[in-house]
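In our numbering, the protein residues as written are 3 to 506.
None of the hints are false.
EDC-like cross-link-like pairs, simulated, lysine to aspartate or glutamate; straight-line CA separation at most 20 Å:
no. : residue 1 : residue 2
1   : LYS147    : ASP135
2   : LYS394    : ASP359
3   : LYS87     : ASP110
Quick list of simulated restraints, FRET-style, between CB atoms:
no. : residue 1 : residue 2 : range
4   : ALA484    : VAL200    : 28 to 34 Å
5   : GLU75     : ILE487    : 57 to 63 Å
6   : GLY383    : GLU90     : 47 to 53 Å
7   : LYS87     : ASP359    : 55 to 61 Å
It is worth saying that the hints were derived from the structure and are not from the lab. By construction, the Cβ of each residue, glycine as well, lies at the ideal position given by its N, Cα and C atoms.
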Amino acid sequence: MSIELLSPSEMAEADRLAIASGPFDGIGLMRNAGAVVAAIVLERYPDAGKVHVLAGPGNNGGDGYIVARLLTESGVAVSLWTSGKPRENSDAAIAATECPVVAAPLADFVLEPGSVVVDALYGAGLSKPLESDAVRAIENAASLKIPVISIDLPSGVSGESGQVLGNAFHAEVTVTFARRKPGHLLLPGRQFCGEVIVADIGIGDAVIDRVGARTFENTPDLWQNALPSPAVDAHKYKRGHVGIFSGGPTSTGAARLSALAAARSGAGAVTVLSPANALMVNAAHLTSIMLRQLDDVGELHSFIADRRPSAFVLGPGFGVGDKARELALAVLGDGKGRAEGVEALVLDADGITAFRDAPASLFITAGARDAAALVLTPHEGEFARLFSGLAKDEGLSKLDKARKAAARSHGVIVYKGPGTVIAAPDGRAAINANGASWLATAGSGDVLAGLIAGLVAQGMPAFEAACAAVWIHAEAGARFGAGLIAEDLPQALVPVLRALFASR
Numbered sequence: 003m004s005i006e007l008l009s010p011s012e013m014a015e016a017d018r019l020a021i022a023s024g025p026f027d028g029i030g031l032m033r034n035a036g037a038v039v040a041a042i043v044l045e046r047y048p049d050a051g052k053v054h055v056l057a058g059p060g061n062n063g064g065d066g067y068i069v070a071r072l073l074t075e076s077g078v079a080v081s082l083w084t085s086g087k088p089r090e091n092s093d094a095a096i097a098a099t100e101c102p103v104v105a106a107p108l109a110d111f112v113l114e115p116g117s118v119v120v121d122a123l124y125g126a127g128l129s130k131p132l133e134s135d136a137v138r139a140i141e142n143a144a145s146l147k148i149p150v151i152s153i154d155l156p157s158g159v160s161g162e163s164g165q166v167l168g169n170a171f172h173a174e175v176t177v178t179f180a181r182r183k184p185g186h187l188l189l190p191g192r193q194f195c196g197e198v199i200v201a202d203i204g205i206g207d208a209v210i211d212r213v214g215a216r217t218f219e220n221t222p223d224l225w226q227n228a229l230p231s232p233a234v235d236a237h238k239y240k241r242g243h244v245g246i247f248s249g250g251p252t253s254t255g256a257a258r259l260s261a262l263a264a265a266r267s268g269a270g271a272v273t274v275l276s277p278a279n280a281l282m283v284n285a286a287h288l289t290s291i292m293l294r295q296l297d298d299v300g301e302l303h304s305f306i307a308d309r310r311p312s313a314f315v316l317g318p319g320f321g322v323g324d325k326a327r328e329l330a331l332a333v334l335g336d337g338k339g340r341a342e343g344v345e346a347l348v349l350d351a352d353g354i355t356a357f358r359d360a361p362a363s364l365f366i367t368a369g370a371r372d373a374a375a376l377v378l379t380p381h382e383g384e385f386a387r388l389f390s391g392l393a394k395d396e397g398l399s400k401l402d403k404a405r406k407a408a409a410r411s412h413g414v415i416v417y418k419g420p421g422t423v424i425a426a427p428d429g430r431a432a433i434n435a436n437g438a439s440w441l442a443t444a445g446s447g448d449v450l451a452g453l454i455a456g457l458v459a460q461g462m463p464a465f466e467a468a469c470a471a472v473w474i475h476a477e478a479g480a481r482f483g484a485g486l487i488a489e490d491l492p493q494a495l496v497p498v499l500r501a502l503f504a505s506r
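Make the full structure from the sequences, and use the hints.
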């Protein structure tokens with residue numbers, strides 16, 4: 003399945019380019035779309051007593067008119083309910099003229115048990131709540147538990163944001179064309195779509211390439227070619243060295259979880275950087291992970307000079323305050339350029355919260371010409387601490403917020419939670435869809451931070467590393483299933499990584 007996700011405006015551009023290049027004109031593409039949906043209805047619901055087609059005034063409704071005509075020609079009992087007339091001389095108007103089924107107004111819509119609904123009211127471009135007639139139709143279908151096949155997206159779901167604009171159909175099947183839209187993956191829209199079928203209606207890959215999509219589903223196809231594997235002559239330091247900052251004596255576990263994940267990712271060496279008062283606690287729990295005392299920026303510079311680490315994790319269990327900020331800025335380069343070999347800083351948990359009153363200092367430092375790459379991994383509450391204005395803006399989707407935050411911070415944003423979004427400062431973004439509710443457990447994010455750092459340390463670019471880590475982390479949680487705790491995750495990564503390398 004293709005990984006590009008097209009916004010409604012990008013899909014409109016794809017339509018325009020496809021029509022301009024042929025071989026299908028607008029009504030030709032519409033007929034292709036209607037034929038695909040009609041075939042799915044015939045295949046999936048051969049015993050339906052009646053098919054009710056609900057057609058809106060736009061192109062989505064035009065698809066519905068064609069579905070109604072083709073089903074009627076196939077001997078299916080069809081009722082057609084319309085909400086507004088198509089614009090004169092439009093493709094939808096042509097489709098309506100070709101349809102022999104007499105339409106009734108949606109306001110009079112009635113259903114009976116054993117029937118099926120084809121939702122062709124409004125597509126991905128919906129930008130306002132549905133009107134009352136459509137809401138009543140949704141409620142009627144839901145009350146009778148009628149199967150719904152939605153065209154493009156369930157009416158009421160925004161293709162741009164995945165938000166439900168007042169009310170929406172709960173589709174059993176959603177048929178979309180050429181590529182999926184962000185609303186198919188972003189919550190809550192994903193929960194309304196049911197099975198999503200992407201149909202080919204004559205809009206080729208060359209057309210999609212010309213659109214220049216910058217949003218993707220986060221799957222291995224996006225980053226697998228960049229996944230690092232050790233060379234024949236590799237030794238541990240050629241495989242990357244990760245430094246993990248530890249908290250005090252009562253807060254060391256989170257750093258060790260990150261360290262284990264970095265090691266499992268394939269990093270050749272991992273060092274826990276521990277304050278002096280926590281050295282013995284950490285030493286009692288570490289074997290293959292190295293340990294070094296680090297209490298201040300001077301000791302950080304000595305560590306970098308001595309051991310040439312490639313990436314750092316700061317935040318898990320660390321505590322907030324001046325020390326966290328000073329160490330983070332020093333890793334990034336303090337605006338003077340990063341130390342040789344340091345590629346990235348993954349800032350998580352307390353590392354993010356430490357900058358809630360001074361986010362500009364972090365963003366300015368990360369934006370310096372030769373700064374190390376910054377990866378921020380906030381959950382919703384942490385996101386609001388650094389990007390309060392964006393977090394409060396109800397007009398922005400999670401995708402929009404992550405993109406704007408990445409641009410503002412000059413860093414890769416991993417906006418965690420259901421439907422995690424990964425965004426890069428250059429505008430690329432990916433939506434993760436393989437998440438598992440089992441990952442909602444303390445310490446899970448610490449493992450994710452270490453996994454990102456481990457991949458970056460091995461030479462994977464920060465955006466691709468973040469995308470890969472999110473997917474691998476989620477896949478490990480889903481495969482493990484019930485009973486998962488954070489301590490299980492580093493080992494649970496192993497079969498997922500093995501499968502990825504075996505499929506290359």
